[in-house]
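For the sequence shown, our numbering assigns the number 238 to the initial residue and increments by one for each residue that follows.
The hints are simulated quantities; they were obtained by calculation from the structure and are not laboratory data.
Please note: incorrect hints may appear among the correct ones.
[What the hints assert, rightly or not] Calculated cross-link-like contacts (lysine to any residue; reagent style SDA-like; alpha-carbon spacing at most 20 Å): (1) K289 x E306; (2) K349 x R379; (3) K349 x H315; (4) K349 x V435; (5) K289 x R262; (6) K349 x R380.
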Amino acid sequence: MAGRITPAEGRYGGKDAAERRDERRRRFREAGLELFGTGTGYRGTRLGDLCKAAGLSSRQFYEEYRTLEDLLADLHLHVNDVAARAVAEALPRITHLPMAEMLPLAVHAYVKGACADLRHARIAYVEVVGVSPRMDRQRLERRSVWVELINRLAADAVTRGEIPPGNYRITAAAIIGAINGLMHDWVVGWVDATLDEVADELAQMVLGRYRMAG
238 MAGRITPAEG RYGGKDAAER RDERRRRFRE AGLELFGTGT GYRGTRLGDL
288 CKAAGLSSRQ FYEEYRTLED LLADLHLHVN DVAARAVAEA LPRITHLPMA
338 EMLPLAVHAY VKGACADLRH ARIAYVEVVG VSPRMDRQRL ERRSVWVELI
388 NRLAADAVTR GEIPPGNYRI TAAAIIGAIN GLMHDWVVGW VDATLDEVAD
438 ELAQMVLGRY RMAG
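Can you build the whole structure from these sequences, using the hints too?
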């Protein structure tokens, strides 16, 4: 399809166009989360499978998205937002703590936010990898947000005198790369551990990076 089909306007079934669109998007997202996040995954899902799972038509799909990749991109942003909210909710309670206490709590908040729903974890760490240059750019853009957050926490620790001044952006990039690598391996079953064990290991790794830097 060259582009999305323009949806009908006006009220239908007691809902206006905006409400119907929100409902369609919700159903397509739920179907995509289930199909991409379990079973056959994104690459094994056909449009017909998705529409059947959503209980909607292909025409209704094209009113919301151009391709299945558009839906994958939408879900990738969604699962990142869920993880970001988990961290944002935790930070006000922990940023007053010393870095050695604060970082493990932040890591646990992130891991639980990203992976408590295993479908989210699979989309974030497995299904989006190698799909297209566009998805690679989106992944890198989202990773850069996490790098900036970690770098800001390090800058705060420098201000408090907990760690010496340094180029902690490199450290933050290394941490995010390691987290993504380990979470990928955990999702696909190459790492036999509970989610708490994974979070504990990542927390120790993060602390180690800053101790070595210091």
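For each hint, the structure was consulted:
| no. | hint | in the structure |
| --- | --- | --- |
| 1 | K289 x E306 | holds (17 Å) |
| 2 | K349 x R379 | holds (18 Å) |
| 3 | K349 x H315 | holds (15 Å) |
| 4 | K349 x V435 | holds (10 Å) |
| 5 | K289 x R262 | holds (14 Å) |
| 6 | K349 x R380 | holds (17 Å) |
Violated hints: none; the structure is consistent with every hint.
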